[in-house]
Amino acid sequence: MALRAQPVTLRPVATWPGTCAALGVALLVLGTLTAVALRAEGPAGLGPADWSALRFTLLQASLSALFSIGLAVPVARAMARRRFFGRRVLITLLGAPFILPVIVAILGLLAVFGRSGWVSDLLALFGFAPVQIYGLHGVVIAHVFFNLPLATRLILQGWQEIPAERFRLTAQLNAGPRAMWRLLEAPMLRQVLPGATAVVFAICLSSFAVALTLGGGPKSTTLELAIYQAFHFDFDLGRAAMLSGVQLGLTVIAALLALRVPPGDGFGGGLDRAVSRWDGRGIGSRLLDSLWISLAALFLILPLLAVLVAGVPGLMSLPSSVWSATWVSLQVAALSTTLLLLIALPLSASIALGRKALGEVAGILGLAASPLVIGTGLFVLVYPIADPFALALPVTAVVNMVMALPFALRILIPRVRQVMQQNSRLALALDMRGTAFWWQVLLPRCRAQIGFAAGLTAALSLGDLGVIALFADPEVATLPLQVYRLMGAYRMEAAQGAALLLFILSMAAFWLLDRGGRFHAEA
Amino acid sequence: MNPLNLNRIIPAEGRFRIFRHAMPGSPSPHAALETDMKTLVLASSVAGAIALSTAATAETPELVVYTYDSFVSEWGPGPAVETAFEATCGCDLKFVGAGDGAALLARIKLEGARSDADVVLGLDTNLTAAAKDTGLFAPISVTAEYALPVEWQDEMFAPYDWGYFAFVHNADADAPTNFKALAESDAKIVIQDPRSSTPGLGLLMWVKAAYGDEAPAIWEDLSDNIVTVTKGWSEAYGLFLEGEADMVLSYTTSPAYHLIAEKDDTKAAAVFDEGHYMQVEVAGKLASSDQPELADQFLQFMVSDAFQSIIPTTNWMYPAVIPSDGLPQGFETLVSPEKSLLLPEEDAASVRDEALAEWLSALSQ
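Residue numbers (UniProt numbering), protein chains in the order written: chain B, 1 to 523; chain S, 1 to 365.
Hints were generated in silico from the structure; no laboratory data involved.
Take the hints with a grain of salt, since some may be wrong.
In silico EDC-like cross-links for lysine to aspartate or glutamate, where the CA-CA straight-line distance does not exceed 20 Å [what the hints assert, rightly or not]:
id, chain 1, residue 1, chain 2, residue 2
1, S, Lys188, S, Glu151
2, S, Lys180, S, Glu151
3, B, Lys219, S, Glu74
4, S, Lys132, B, Asp236
5, S, Lys188, S, Glu145
6, B, Lys219, S, Glu354
7, S, Lys94, B, Asp236
8, S, Lys267, S, Asp296
9, S, Lys109, B, Glu165
10, B, Lys219, S, Asp186
Derived DEER-like restraints, expressed as beta-carbon distance ranges [unchecked claim]:
id, chain 1, residue 1, chain 2, residue 2, range
11, B, Ser317, S, Pro292, 37 to 43 Å
12, S, Gly112, B, Arg87, 43 to 49 Å
13, S, Gly112, B, Gly24, 49 to 55 Å
14, S, Ala217, B, Gly176, 36 to 42 Å
15, B, Ala508, S, Asp224, 41 to 47 Å
Yeah, the Cβ is synthetic: ideal placement off N, Cα and C, and Gly gets one too.
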């Protein structure tokens with residue numbers, strides 16, 4: 001038995017390519033950080049506007065986390081208590097904002113919540129003043145749009161981990177909804193909420209595109225936006241580097257917080273019976289749950305619907321700049337996806353073969369690295385020797401790859417580990433190693449996961465509006481940047497058409513790669 | 001009547017056309033070109049015809065002009081100017097939109113001597129001193145009979161149009177008559193970021209020129225009127241037309257666009273009793289230009305009748321040289337400020353830094 005517990009010694013593939021990949025990523029992230037640190041001015045360089053950016057970054061991230069979590073709890077509770085037609089679709093839909101390009105969502109939110117949007121029109125019917133989307137609340141609304149689904153999924157998972165037997169037992173003890181809450185749900189939430197809150201908070205700290213489009217001037221500038229402004233308005237690399245340093249400090253603290261949240265005791269296992277909720281049978285709780293589910297669904301679906309409705313007329317007559325931007329975006333996404341696979345596959349193989357430290361390094365770097373900080377670092381490094389604008393597209397592809405890496409690893413590692421454990425002995429007995437093992441054993445068996453990871457990366461890269469805004473010259477743009485430029489030039493119809501195109505491309509890229517990976521594969 | 005007043009009455013038309021995209025008709029002169037370009041791009045990428053395209057550029061020299069976005073839009077002066085200049089120069093004139101006016105300068109600093117640009121068109125007198133400090137611009141020798149309200153002598157930059165900043169509003173609404181009244185009212189305004197946009201910077205100088213040390217207090221009072229601060233003029237004007245605000249920072253000449261191009265007299269510019277700050281828009285040649293003679297030729301063309309007659313009804317500003325046909329009809333209806341304000345170029349740079357710091361701290365409260 002002791003011998004069987006040592007799969008680690010069986011290595012059908014070498015671990016050094018994975019180590020090299022991890023070193024490459026670490027060098028990129030840490031190298032750019034060093035460049036930033038060397039270039040940065042001291043904290044004395046922080047002016048009142050920079051302090052205000054810091055305050056706003058913290059304020060909006062806290063409010064976004066608070067509202068996302070606060071709203072996610074009743075929604076997740078309702079979804080945990082109810083089984084209804086379309087529940088699976090709704091849960092899938094909750095995953096959609098993850099690959100939805102930010103700029104697309106913003107156009108949708110403007111159409112719904114803008115001063116001449118649907119909500120304002122509705123309010124006007126009852127004689128109310130129109131709502132205002134620019135500024136703090138606009139930024140928070142957009143962040144809640146992106147993070148409510150994520151938070152709901154995280155919290156729903158918590159509910160699903162309470163074994164059905166616990167609910168049965170509490171019901172047998174004649175516990176009503178309130179007692180059920182006190183005995184089961186509240187303790188579960190105490191375990192789940194801190195982690196979920198920290199994750200949402202960390203995500204909102206690095207908000208760039210949302211603040212760029214919905215911020216209302218100096219009052220609502222995030223640090224990432226301030227970095228961009230230091231570049232584009234003042235061409236002040238020292239200040240950009242100093243702000244990057246502050247941003248980095250924040251994200252590292254938030255990432256550590258998110259990782260340090262203790263997992264808690266758990267509720268133990270059950271027999272996986274279907275959960276029956278005796279506490280949710282009253283008319284009141286049914287109505288309440290339906291209300292929450294409908295509101296959440298509307299909040300998610302309406303902006304997407306608005307993008308569709310507004311985009312169709314413009315889709316027919318897109319300017320040529322949109323087509324060339326589409327071509328650029330597809331190239332960037334293809335490059336970034338290829339790079340990702342070249343890095344993530346060897347890395348996950350090495351991690352599966354016992355090099356666990358590599359995984360942790362990649363995870364922390366991925367969480368803490370901000371696209372604009374890496375972008376600033378690369379700019380500082382490249383500027384003295386070459387034209388940074390000529391490197392805009394490769395740089396964007398590389399940064400997108402780094403951003404997608406932690407997610408890809410989470411998808412790949414479990415499956416790679418499983419395949420290694422199941423097939424290593426046989427492969428080694430047949431003297432099948434290295435390339436042969438990769439092509440004939442590992443890759444075919446990980447097709448579904450590779451497809452999923454590639455689809456995710458392609459979609460994220462297609463929709464990214466971050467580092468490209470720093471590097472793009474006036475004639476080159478990715479599709480999200482072109483949408484933003486069209487909005488800036490007030491060509492709303494073209495912008496909406498291009499946004500719809502971007503939406504379709506992102507979803508199609510994800511779907512094609514994900515399906516492609518699973519095609520003819522037994523799930 | 002003095003020709004200056006005539007000038008004031010005749011605003012230019014280019015800036016606004018971008019808002020006409022929503023209107024039916026008005027076929028785009030670029031549509032055919034775009035189709036051609038699409039085919040070309042496809043063909044060249046398929047055939048990998050890199051050699052072909054370099055051969056083509058070697059034959060006709062290319063002049064690259066960086067300018068603001070609304071200048072290059074289909075409805076701006078860009079397309080007409082391009083046609084007119086290419087008819088005489090035997091070259092390929094390429095306008096590149098690089099954000100709004102003030103962002104242009106940052107762009108040039110960012111690109112430095114590596115820039116592809118030969119000419120930068122769209123700075124104003126608030127920025128020329130800072131632009132000269134970069135050392136990236138070359139002296140020029142453009143001569144013209146300027147009809148500017150100020151004496152023009154500058155060896156680096158030549159003016160092509162000018163105007164007065166003003167808040168534009170719906171004519172049926174009561175407009176405040178000065179900044180204090182505006183700050184006290186609950187009117188919602190959209191302004192541009194002074195770091196990226198010349199109108200935004202103009203407003204900063206306007207408040208500073210009118211109120212001096214009181215400026216920070218004015219901004220603090222104004223901050224609750226500001227719906228949002230946009231990066232460029234187009235965005236702000238677009239938000240105003242969409243109904244997102246009651247007033248927008250633009251020019252006294254802006255209502256002429258609605259009047260002449262759209263037969264719509266419902267837009268008006270508010271007259272402020274502090275006086276109105278003036279803008280003189282200029283162009284200059286980059287020292288790193290690989291087409292210095294062509295750049296000189298373009299700058300001289302810029303103050304000729306062919307260019308200047310395009311300005312009033314495409315850029316909707318007063319032309320720097322009065323065109324032979326005079327100003328278009330409709331410009332005489334525009335308000336003309338009793339008092340005009342303009343800080344000299346050499347003061348503008350230092351005032352800008354001080355005013356910007358005040359603006360940032362007042363609005364980031």
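Hint check results:
no., hint, result
1, S:Lys188 x S:Glu151, "violated (37 Å)"
2, S:Lys180 x S:Glu151, "violated (31 Å)"
3, B:Lys219 x S:Glu74, "violated (34 Å)"
4, S:Lys132 x B:Asp236, "holds (18 Å)"
5, S:Lys188 x S:Glu145, "violated (41 Å)"
6, B:Lys219 x S:Glu354, "holds (18 Å)"
7, S:Lys94 x B:Asp236, "violated (29 Å)"
8, S:Lys267 x S:Asp296, "violated (39 Å)"
9, S:Lys109 x B:Glu165, "violated (68 Å)"
10, B:Lys219 x S:Asp186, "holds (19 Å)"
11, B:Ser317 x S:Pro292: 37 to 43 Å, "holds (40 Å)"
12, S:Gly112 x B:Arg87: 43 to 49 Å, "violated (58 Å)"
13, S:Gly112 x B:Gly24: 49 to 55 Å, "violated (30 Å)"
14, S:Ala217 x B:Gly176: 36 to 42 Å, "violated (60 Å)"
15, B:Ala508 x S:Asp224: 41 to 47 Å, "holds (45 Å)"
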